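Novice: Next come the chains, spelled out residue by residue.
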Amino acid sequence: MTEAQLTTLAGMELLVEYALGESSPEHAKGIEAVAAQSAAVAKRIAQVQTTLATLGVARADAANWRVTPEQRARLIALAPAKSQSWLSRLGDKVNEAFAALVLDSRATGQVLAGFRGGRVERHLIYRADGVEIELRISAGEMGKLNMIGQVHADTPAQNAFLAPATDAAETVVDVDDHGMFEVGVAAGVYSLVLIFAGRQIVIPSLEVAAA
Amino acid sequence: MTQPDQQLIERCLGGDQAAWTALVDRYSGLVYSISRRMMLPSEVCDDVAQIVFATFSRQLANIRSQESLAGWFGMVTRRESWRAKKRLRRTAVTEVALAVEPAAEAAEVDADEQKIAIRTAVQQLGPPCRELISMLFFSDPEPRYNEVAERLGIATGSIGPTRRRCLARLSENLRHL
Numbered sequence: 001m002t003e004a005q006l007t008t009l010a011g012m013e014l015l016v017e018y019a020l021g022e023s024s025p026e027h028a029k030g031i032e033a034v035a036a037q038s039a040a041v042a043k044r045i046a047q048v049q050t051t052l053a054t055l056g057v058a059r060a061d062a063a064n065w066r067v068t069p070e071q072r073a074r075l076i077a078l079a080p081a082k083s084q085s086w087l088s089r090l091g092d093k094v095n096e097a098f099a100a101l102v103l104d105s106r107a108t109g110q111v112l113a114g115f116r117g118g119r120v121e122r123h124l125i126y127r128a129d130g131v132e133i134e135l136r137i138s139a140g141e142m143g144k145l146n147m148i149g150q151v152h153a154d155t156p157a158q159n160a161f162l163a164p165a166t167d168a169a170e171t172v173v174d175v176d177d178h179g180m181f182e183v184g185v186a187a188g189v190y191s192l193v194l195i196f197a198g199r200q201i202v203i204p205s206l207e208v209a210a211a
Numbered sequence: 001m002t003q004p005d006q007q008l009i010e011r012c013l014g015g016d017q018a019a020w021t022a023l024v025d026r027y028s029g030l031v032y033s034i035s036r037r038m039m040l041p042s043e044v045c046d047d048v049a050q051i052v053f054a055t056f057s058r059q060l061a062n063i064r065s066q067e068s069l070a071g072w073f074g075m076v077t078r079r080e081s082w083r084a085k086k087r088l089r090r091t092a093v094t095e096v097a098l099a100v101e102p103a104a105e106a107a108e109v110d111a112d113e114q115k116i117a118i119r120t121a122v123q124q125l126g127p128p129c130r131e132l133i134s135m136l137f138f139s140d141p142e143p144r145y146n147e148v149a150e151r152l153g154i155a156t157g158s159i160g161p162t163r164r165r166c167l168a169r170l171s172e173n174l175r176h177l
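For the protein sequence lines, the chains are L and Y, in the order given.
What the first sequence shows, in the working numbering, is residues 1 to 211, in sequence order.
What the second sequence shows, in the working numbering, is residues 1 to 177, in sequence order.
Take these hints with a grain of salt, some might be off.
Said to hold, decoys possible - Part of the chain Y face toward chain L, derived, beta carbon under 10 Å: (1) Ser-28; (2) Ala-84; (3) Ala-168.
Stated by the list, open to error - Cβ-to-Cβ under 8 Å is the rule here; a few derived chain L residues that face chain Y: (4) Glu-17; (5) Gln-47; (6) Arg-59; (7) Glu-170; (8) Asp-174; (9) His-178; (10) Ala-197.
What the hints assert, rightly or not - To spell it out: a stretch of chain Y is covered by chain L in this simulated footprint if at least three of its residues, at any positions, have a beta carbon under 8 Å from a beta carbon of chain L; those stretches are: (11) 14-26; (12) 40-53; (13) 57-70; (14) 129-139; (15) 156-167.
Treat the hints as calculated values from the structure; they're not laboratory data.
Remember, it's a predicted structure, so these values are computed and weren't measured experimentally.
Heads up, the beta-carbon is just placed ideally off N, CA and C, and yes, glycines get one too.
Isolated chain Y (complex conformation):
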């Protein structure tokens, strides 16, 4: 069962490596997605990710009171990515355009929180729904139905009904969040 962020942070502060790993697994994709969407080179995305998680590691005790960890990761990653982008000077975007307006930033934070919430909710589904939804929506490249069927050990024709059942369960879980 996935634990809430605050519980994982408390465990981290107590030296629990497994809790740290769980937080890395929960938020590393978000961090990389933000810097990659800004078209930063791969090695710069690696640097941004290391800076963000190193900052997170050092400031854990302060961050535990944060309302939204997804919001914190999104904000810090965007800040470090913008700084890296300005240093690279590879775009024709002006300095004015580089500044993110508060309303746009708030919308991005909301989007980050939704993405993390849905991935966390998927992890809370039991098998095979967790595997099915992950394969259909979080995999790159998107697998074909016969590949999904083979991986899950079900008939290709039953993927549709199984998908509906799993999406219903996921929607119901999110409704109760």
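Isolated chain L (complex conformation):
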């Protein structure tokens, strides 16, 4: 056996046989002798062993990698498309509830003054499906408004999106483990979508405006 033989594709088959422990004793001895003298052959043996090890890990994990046609279809439906909102991409299999407005400080005249360093805040409360969403909107920086939210629910929200009524891009809003979020946003009308496990709560036509 020679280095030239073992560094061809046919030679690679001999190395695979060796790495699998399926070589005859003579072949194994021959390969080991060449590998001891040839860094190229030693490297190829290492490559084969790494390939087999990775395949072994893949085989052990095969059940975890399985994706059903239904799961696949749901992910395919999330393809980026200019005309589609994130809401329609989720599809109609998600349990969705629309939140109703319970309190708007602007309507009641109970504007919160002197809060947060003297800024005036507008206070809104929405409720749906056992979830209460509290929003405080005040003047922010660079001409934007600052919206602080607090989600009160048995299970925390995983994520949130602020989708403008125009074709402008949606804003991802990070909700922390305590259900709080904060976002700077231009005045306008939005849908606020809160994502929970297996369901979502939507505040449609949220008018983001100061007090």
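Please arrange chain Y on chain L, whose structure you already have, making use of the hints.
Specialist: Relative to chain L, chain Y alone:
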């Protein structure tokens, strides 16, 4: 022929649905495997997968410059899975243990990249090697040799030599990556 991630992303940004489907097929298994290994319930794994791919969909333009898409998917999936696990509070693992150390995270990213690299390399093999390797290593449950032989239309006795030939080809392809 499988396309590199960056090319698929560019096609996605141009509205190519087939490119998006190819990326889902390439990375959905990885996403599900991570959340399932964390023993999350099936419906929570579905939620994690949807959040990860929805995030990917929205941030495509930013992600296209990422060096490793496997690394990105692994990192985001682990983050969302940890958040889901903490919410469920079904394990006795402490808050300290829930935090992933940077060295461990780096090792997991390397492992994710290897898994994606090998599956991509297998997809680049021609038939019957692609089918044979997929059946022997990526199928659950693992099929018996006679089932493999029947599916591929070859004699059971020739699976061994065919397997060696295909593994050699796969190793050679990976060597050139």
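Novice: Hint validation: L/Gln-47 versus chain Y, beta carbon distance must be below 8 Å. Holds or violated?
Specialist: Holds. Min distance 5 Å.
Novice: Counting residues of the region 129-139 of chain Y that have a beta-carbon nearer than 8 Å to any beta-carbon of chain L, does the count reach 3?
Specialist: holds (count 5)
Novice: Are there at least three residues in the region 156-167 of chain Y whose beta carbon sits under 8 Å from a beta carbon of chain L?
Specialist: Held - the region 156-167 of chain Y has 4 residues with a Cβ nearer than 8 Å to chain L, which meets the minimum of three.
Novice: How does the coverage statement for the region 40-53 of chain Y fare against chain L, requiring three or more residues with Cβ below 8 Å from a Cβ of that chain?
Specialist: With 8 residues in contact (Cβ-Cβ under 8 Å with chain L), the coverage given for the region 40-53 of chain Y holds.
Novice: With a cut-off of 10 Å, does the beta carbon of Y/Ala-168 approach a beta carbon of chain L closely enough for the hint to hold?
Specialist: It holds, given that the least Cβ distance between Y/Ala-168 and chain L is near 4 Å, below 10 Å.
Novice: Holds or violated: the hint that Y/Ala-84 contacts chain L, with Cβ atoms closer than 10 Å.
Specialist: 7 Å, holds
Novice: Has the region 14-26 of chain Y got at least three residues whose CB is nearer than 8 Å to a CB belonging to chain L?
Specialist: Contact hint for the region 14-26 of chain Y vs chain L: holds, 6 residues under 8 Å.
Novice: Double-check L/Arg-59 for me: the hint is only fine if its C-beta lies closer than 8 Å to a C-beta in chain Y.
Specialist: Holds, about 5 Å.
Novice: Per the CB criterion, is Y/Ser-28 less than 10 Å away from chain L?
Specialist: Nearest chain L Cβ about 5 Å off; hint holds.
Novice: Holds or violated: is the Cβ of L/His-178 closer than 8 Å to a Cβ in chain Y?
Specialist: 12 Å, violated
Novice: Mind checking the CB of L/Glu-170 against every CB in chain Y and telling me if the closest is under 8 Å?
Specialist: 7 Å, holds
Novice: Can we keep the L/Ala-197 interface hint, with Cβ of chain Y closer than 8 Å?
Specialist: 5 Å, holds
Hint check: violations occur at hints 8 and 9; the rest are consistent with the structure.
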